[in-house]
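Protein chains in written order, with the working numbering: chain E, 1 to 264; chain S, 1001 to 1440.
Certain hints may be false.
[What the hints assert, rightly or not] Taking lysine-lysine pairs in the DSSO-like style, the calculated list, with each CA pair at most 30 Å apart, reads: (1) 1438(S) - 187(E); (2) 1438(S) - 138(E); (3) 1061(S) - 1141(S); (4) 200(E) - 1293(S); (5) 1438(S) - 136(E); (6) 1141(S) - 187(E); (7) 38(E) - 136(E); (8) 138(E) - 95(E); (9) 1256(S) - 1293(S); (10) 1149(S) - 95(E); (11) 95(E) - 248(E); (12) 200(E) - 1256(S); (13) 39(E) - 96(E); (14) 96(E) - 1256(S); (15) 1141(S) - 200(E); (16) 96(E) - 1438(S); (17) 187(E) - 1256(S); (18) 39(E) - 241(E); (19) 140(E) - 1061(S).
Hints in this document: simulated from the structure, not taken from any laboratory.
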Amino acid sequence: MSNTPITVRTMAEMMAAGETPEILFWVGCSGSFDDRAKKITKAIVRILDHVNIKFAILGAEESCNGDPAKRAGNEFLFQMQAMQNITVMNGYGIKKIVTGCPHCFNILKNEYPALGGNYEVIHHTQLVQDLINQGKLKVKGGAFKGKKIVFHDPCYLGRGNDVYEAPREIIQKLDSELAEMKRSRAKGLCCGAGGAQMFKEAEPGNKEVNVERTEEALALNPDVIAVACPFCNTMMTDGVKNFNKEDKTKVLDIAELIAQANDL
Amino acid sequence: MISSVIFAILLIGASVLFTINVRKIRRNILLGRDISLTDNKGDRLRTMLLVAFGQQKMFSKPIPAILHLFLYVAFIITQIELLEIIWDGFTGAHRAFRPALGGFYTFMVSFIEILSVLAFIGTIAFLSRRNLLKVPRLNMKELKGWPMKDANLILLGELSLLCFIFMMNGADEVLYSRGESHAVNTGGNSLGLSISSIIGPALFGNMSHDTLVILERVGWWGHIIMVFAFLNYLPISKHLHIILGFPNTYFSNLRKKGQFTTLESVTDVVAPNFDPAYVAKTDPNNPQRFGVKDVQDLTWKNLLDAYTCTECGRCTSACPQNITGKKLSPRKIMMDTRDRLEEVGKNIDKNKGTFVDDGKSLFDYISTEEIWACNTCNACVQECPVNIDPLAIIMDMRRFLVMEQSQSPNELNMMFTNTENNGAPWQFSPSDRANWTKEN
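Turn these sequences into a full structure, and let the hints guide you.
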């Protein structure tokens, strides 16, 4: 990926300049603060910039969407967060949102409408697929040509919202070999992070969920484990380290695959 | 004559008892909170036809699906023969439909016999999977005791139903060939039944007239008595799914699985902070508990789910937490919910129609360790062949623990505090949120 910085503007800056973006990029907490996830965020930004989509972020006005709180049972905190975000977004007249995380995607798309937030929400893999289909994004395999890539379905993209094909179609556009685990698509196994498990120790058992899942992926001997969620990314990366396979197998987001293969 | 009276008494007795038990189950289900699931009738009907009638989700595991299909189709089609048995029972006739239906009768009963053989194979296979092969999901610890006995009783009951039918038809075939059957003689030396015309002579060919008549009658009475027994066994058994599978799929959640319920009682508290003109949606005189403590806090659909569960364990075998050795088992969540609901129901029976607090709740059945382990990944919901939603119960119990009891694990409390103070689940300053834009 190139290192040329890209100017990212906030909604406030755009409004001040009297401009309206085509789409709001909802970065999310992970994408904003986690060092590994920030790389995914930047890959998404490079793709948006490459195809000349006029986008904005909320910047400091973005706050946690409330997913971890909601899944942990704290409906109060969730609704506080949601209404705060909805107030900001409705204030800017936001119509369309792309997210870098399936949890943000799910909650904004499915759970904000009941609280007054009605937007067209897409996940970044859907955006990339659209761009490819419309011919706006030409994809070449680059470094991933002929490589074996296994895709891990995020629960809130797959089972949660029935999006199974977008990430797979993108991987196939890279001229790479798409490998499937036995537990994939609707039968996909969770990485272990969802339901606020990311933020706590696991209950007593005989294995960590991420180890179980990574083991399944590594059994296919892939060059890349492709993910589409920053939390899955963390879990699978830890899993690969657990098996000391980080030299052979990389864990990369779909957005990173596109950005790296096309020198964005 | 006397046999017709005995039959009528048995039929009426079994029906009355069944009605009483069904009403009790209905009352128990309606202890749940009201929820409106009458929208999108077309989608609901389609879901029921595909998932329950068409067994669609069973086929994610093809071998058990086919074995189950044998039992299911045989069960459905046999109801036609049951009509004749009931008619004969009342009137004292013997194979009353045969002269009227002619060749169609022979075809129909022959078809039922072939399906019954397949059902027999299926039942033996199911008994073996459970008891000899010890398929893991059918031998987990939540099945110890009654659930395992229940499963085997159902299978043995089915075997006996099938054996009685073949005893009846087989003996009748031999009697008919000797011109001694009570069935109307329409010529020929066989009733023409596909299986019994072969196994009848093979098994009973050398027996005397009297023995054959006894065998035929034992088969007939044995079968119908087993049917009545089964009918009244259903309400205490996991086998209730043969009925409730249909309404349960009709009332399926039609939303995306990722969309969880929004608690209006919470919105009523939160929304006025953002919109002073907000009008409350819930009745302030009837404040609702936040989340679920006991079965009465669940919706009637959650309770219908519990009665529908046939304990197949597909949910549990797909649960990431259970696979990795944790205590959480979605099947156990459903079994516990039904057990507690039955306990509440008995309490109401004992106390003349009102529930008297017994100091217990759903938390006496389901531990917080199970509740907190869930990944909310929807694998259990996806797997269930009759669209049961164990996740909804887990989520609502979490809500109770957090919002009514402030009993969440410490790490989650820290996450809540961070979210509240920093707008992120970790300890970062909200003003640093866009710092990444300045980094390379």
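Right, here's what the structure says about each hint:
For the suggested pair residue 1438(S) and residue 187(E), the alpha carbons sit about 40 Å apart, so the restraint of at most 30 Å is broken. Taking the CA atoms of residue 1438(S) and residue 138(E), the gap is near 28 Å; set against the 30 Å cutoff, the hint holds. With a CA separation close to 22 Å, the supplied pair residue 1061(S) and residue 1141(S) stays within the 30 Å bound. This hinted pair checks out: residue 200(E) and residue 1293(S) have alpha carbons roughly 23 Å apart, not beyond 30 Å.
At most 30 Å may separate the alpha-carbon atoms for a hinted pair to count; residue 1438(S) and residue 136(E) meet this at roughly 27 Å. Note on residue 1141(S) and residue 187(E): the hinted pairing holds, with a Cα-Cα distance of about 24 Å set against a maximum of 30 Å. At most 30 Å may separate the alpha-carbon atoms for a hinted pair to count; residue 38(E) and residue 136(E) meet this at roughly 25 Å. Annotation: proposed proximity of residue 138(E) to residue 95(E) holds, straight-line Cα distance about 27 Å (limit 30 Å).
At roughly 26 Å between alpha-carbon atoms, residue 1256(S) and residue 1293(S) fall within 30 Å of each other, so this suggested pair holds. Pair hint residue 1149(S) plus residue 95(E) does not hold up; C-alpha atoms about 58 Å apart against a cutoff of 30 Å. Distance check on the hinted pair: residue 95(E) and residue 248(E) sit about 42 Å apart at the alpha-carbon level, beyond 30 Å; violated. Distance check on the hinted pair: residue 200(E) and residue 1256(S) sit about 27 Å apart at the alpha-carbon level, within 30 Å; holds.
Proximity of residue 39(E) to residue 96(E) is assessed by CA-CA distance (about 23 Å); at most 30 Å being required, the pair is judged to hold. Straight-line distance between C-alpha atoms of residue 96(E) and residue 1256(S) comes to about 20 Å, which keeps the hinted pair within the 30 Å bound. Proximity of residue 1141(S) to residue 200(E) is assessed by CA-CA distance (about 26 Å); at most 30 Å being required, the pair is judged to hold. Proposed proximity of residue 96(E) and residue 1438(S) is supported: the alpha carbons are some 25 Å apart, at most 30 Å.
A hinted pair counts as satisfied when its Cα atoms are at most 30 Å apart, and residue 187(E) with residue 1256(S) qualifies at roughly 16 Å. For the given pair, residue 39(E) sits about 19 Å from residue 241(E) by alpha-carbon distance, which is consistent with the 30 Å threshold. This hinted pair does not check out: residue 140(E) and residue 1061(S) have alpha carbons roughly 38 Å apart, beyond 30 Å.
Violated hints, in rising order: 1, 10, 11, 19; the structure is consistent with all others.
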